[in-house]
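Colleague: Once you've looked at the hints, dock chain B against the given chain A.
Protein chains in written order, with our numbering: chain A, 335 to 813; chain B, 335 to 813.
A few of these clues could be false.
Repeated chains share a single entry, so a pair holds when one copy, or any two copies, can fit it.
[Claimed, not checked] Dumping the calculated DSS-like pairs for lysine-lysine here, alpha-carbon to alpha-carbon at most 27 Å: (1) Lys421 to Lys578; (2) Lys397 to Lys606; (3) Lys763 to Lys521; (4) Lys521 to Lys419; (5) Lys567 to Lys684; (6) Lys578 to Lys617; (7) Lys603 to Lys684; (8) Lys555 to Lys578; (9) Lys667 to Lys550; (10) Lys521 to Lys630; (11) Lys567 to Lys806; (12) Lys780 to Lys743; (13) Lys578 to Lys606; (14) Lys617 to Lys555; (15) Lys617 to Lys567; (16) Lys780 to Lys684; (17) Lys806 to Lys606.
Keep in mind the hints are simulated off the structure, nothing from the lab.
Keep in mind the model is a prediction, meaning the values are calculated, not measured.
Listed below are the residues making up each chain.
Protein chains: 2
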Amino acid sequence: MNLQLLTDLYEFSMANGYYATLPHDRQARFDVFYRRVPDNGSFVIVAGLQQVVEQVQNWHFTKENIEYLTSLNEFTPEFLDYLSKIKNHCSIKALPEGTPVFPREPIISISGPLIEAQLLETFILNIINHQSLIATKSWQINHAAQGRPIMEFGARRAQGPDAATYGARSAVIGGCTSTSNLQAASKFNIPAAGTMAHAWVESFSDELSAFQAWAKVYPDKVSLLVDTYDVLKSGVPNAIRVFKQVSAQGHQPVGIRIDSGDISQLAIKARKMLDDAGFPKAKITASDALDAHVVKSLLDEGAPIDNFGIGERLITSSSSPVLSGVYKLAEEKINDQWIPKIKVSDSREKITLPGNKQVYRIYRQDNLHQAIADVIALADEHITAPLKVVNANSAATHASQVLTNFNAKPLMQEYLGSNASPIENDLFKIQQFSMDQVAELPEATKRLVNPDRYPVYLTATLAELQEQLITKAQFTEEH
Amino acid sequence: MNLQLLTDLYEFSMANGYYATLPHDRQARFDVFYRRVPDNGSFVIVAGLQQVVEQVQNWHFTKENIEYLTSLNEFTPEFLDYLSKIKNHCSIKALPEGTPVFPREPIISISGPLIEAQLLETFILNIINHQSLIATKSWQINHAAQGRPIMEFGARRAQGPDAATYGARSAVIGGCTSTSNLQAASKFNIPAAGTMAHAWVESFSDELSAFQAWAKVYPDKVSLLVDTYDVLKSGVPNAIRVFKQVSAQGHQPVGIRIDSGDISQLAIKARKMLDDAGFPKAKITASDALDAHVVKSLLDEGAPIDNFGIGERLITSSSSPVLSGVYKLAEEKINDQWIPKIKVSDSREKITLPGNKQVYRIYRQDNLHQAIADVIALADEHITAPLKVVNANSAATHASQVLTNFNAKPLMQEYLGSNASPIENDLFKIQQFSMDQVAELPEATKRLVNPDRYPVYLTATLAELQEQLITKAQFTEEH
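This is chain A alone, in the form it adopts within the complex (with noise of 0.2 Å):
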């Protein structure tokens, strides 16, 4: 899909104003963040950056889209030329995927011409917002989960293609282990997995039939569907028959899905059944829409399940289905000078962070793998202790502070530009280093319900140029 048209009309009716009236080589500086966790968490599993990357670099409008733009009757001529012609000149910072990342931090920093810039915002919002949201969501279940291996199950479910299969992608990002839809699983190199439908017990005269049709298929995935009748009296007995077939062959059964009915109780008793039947290895899959609090509401029943299948709840994030990122100026490069930028508001919290900026992680000087807060800087600060931090809260008691005895990492990087980072293509080494970072947050940050607020200050340099920058715009706005 042509991603250079996945972009507001505003978006261009400005370009084409910039180009009208503001001199062509004023350059522009943007931020991608976001205010609030879905799902009232502490902070976002960043996703997306691969495939902003790569539609950035190959920029380009094609001969139709230009065909297009000025059938809109609202552009110039020159303006349309200088689109017909134009390349990326864009560079790009960010915090590569997998990363946690709290409100107000910056995800991805875009620099370069004001009229590129400005129409690269709609389609790296969406990109950003949705693949974000997923991998956020993925991780809160997979972090109810305790380790249990969840499979994808969303494709029907999700928001049209993309939505399957770049949720699905974000959904190992957050700590899934397979995927059933095969446009997700081809593309990215993720495990497939799945079991069967309830047509498949139907397609045969009963489901005794139906499951020994399977065996025969497939002796070594014996993974049987036992709710299309009755769980116990019916489909978890006939399952059993078919273990004991297979088994007399030397193929060990893999096990049963339940898909609906009191998963809990359910499980309880098919465990104890399987065990009775000497099946004590067959694992137990739960599939029927389950979301995070579900998952650890069984497990905290103690139901004995081994895996988990999860679609809709997981492919939407319906429980919190938008991630609000934003694109806001930071900074404008004038007569060969970077001018920083503001935009201001009635809400504190809504006031952007001006200037060219860096996330640092801070650690404990005795321990490098325990964060204890995050520190937003301008991009040319020496972060060392002491250091003189404003709290990004406002709401905080304590505004300002100094913090001392730590040791201070740098998140963002550059992709796209000069010195540009590889970006990551291994998604389970993304999932292992978003693991690990996830891992050296403060426990009390992960819970699902109610977590501590983990601590995000502000350099007093970068606090005192947000101060001197809402004063001047009220003195603007005044005359």
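Modeller: Positioned in the frame of chain A, the structure of chain B alone reads:
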């Protein structure tokens, strides 16, 4: 995107199993339907048929698809060879896009070789579930807006590029007049809409200069975003200054957009300021995190809003982001005879409807535009008065009754197969068709909160067939 792999692994596992164990000429019919309406509404607006028919028509597996499937080491060489040569043999009967459809009514019915029909499940559900979800949400919001134009503004918050683009198309089916997303606008011939972002205003030395620059570039499209600094103290006064300038030059100012703050109070005050300044025709657009209930509440308060721009809560249907449409076996052709099939369940609502079916909308005999009920029938039944029917809602007090004095209109048409009708391609004709269909329904079924339940019946013949199969299924499972 290669949608033939947007398929759950288990569809291929079952297809390979069918190929190994069942006659290759086994035919099947599957129905797509849903059980619950998003947002507790009473109906869903169908969308997605165009993309489904296009995909099914052109369905085939590429060399790369077959190589990937081979790499899974799960399928026989004979099955893979069969897949490599496969072309579509399925026919599709469906409700036209834009139809309001009630729970349990077939939306699409697919018949053809069992293996092919099984492999189509995942992507058909993905497309229909997503697009119908957004068309339904769009209908709700447009209903609340009482005819005021709604612009679809959600591209940046949609769940991926397809969700943005096909979501915009679905939003138009549900009643929206335009979209900001140029991908959707160009692909589906939708008017493109939009004004300016805060970044435009910030890119000039002050708000007035920014507005003046806009007016210079777009003298006939002076639609100004007035909330960058302060709507009433700065935005509207500056807009009025610029409106006076463009009016003096003979241009008609378009209006203002308010994107934050208390929209109702701001709109009332801004309206007065615009009227007092001599611009009663300048329109007010509202666009901050709106949904059907917010729109209704604003209009109930008398907020003078002329247009709405609606983003994330429309494009993700955030208050109810999943339509749980399913794909269930209805009949199989074995030895040249169609055998009706059923999926039983402890919950009567979840028991499927067997056989080849048609949906009829029942109108008063004296008013062909006043629908009073729907009837689900077997396709070969004659639907004439008096008609014995059974309430499809098993919780209803009056289980069965006789319908008299009515006209019945069949709703499903063939779109792929020997008697296929052409698919409507003109999106605004689909929108008009949808509005006409909805206009025929009782007003009480259209309430945003607690709508009246519209009666849906099964013919006595269909209900009896279902009962026979329930009994037979119990008998089979006891043996």
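Colleague: Among the hints numbered above, which are violated by the structure, and what are their numbers in rising order?
Modeller: Of the numbered hints, 1, 2, 10, 17 do not hold.
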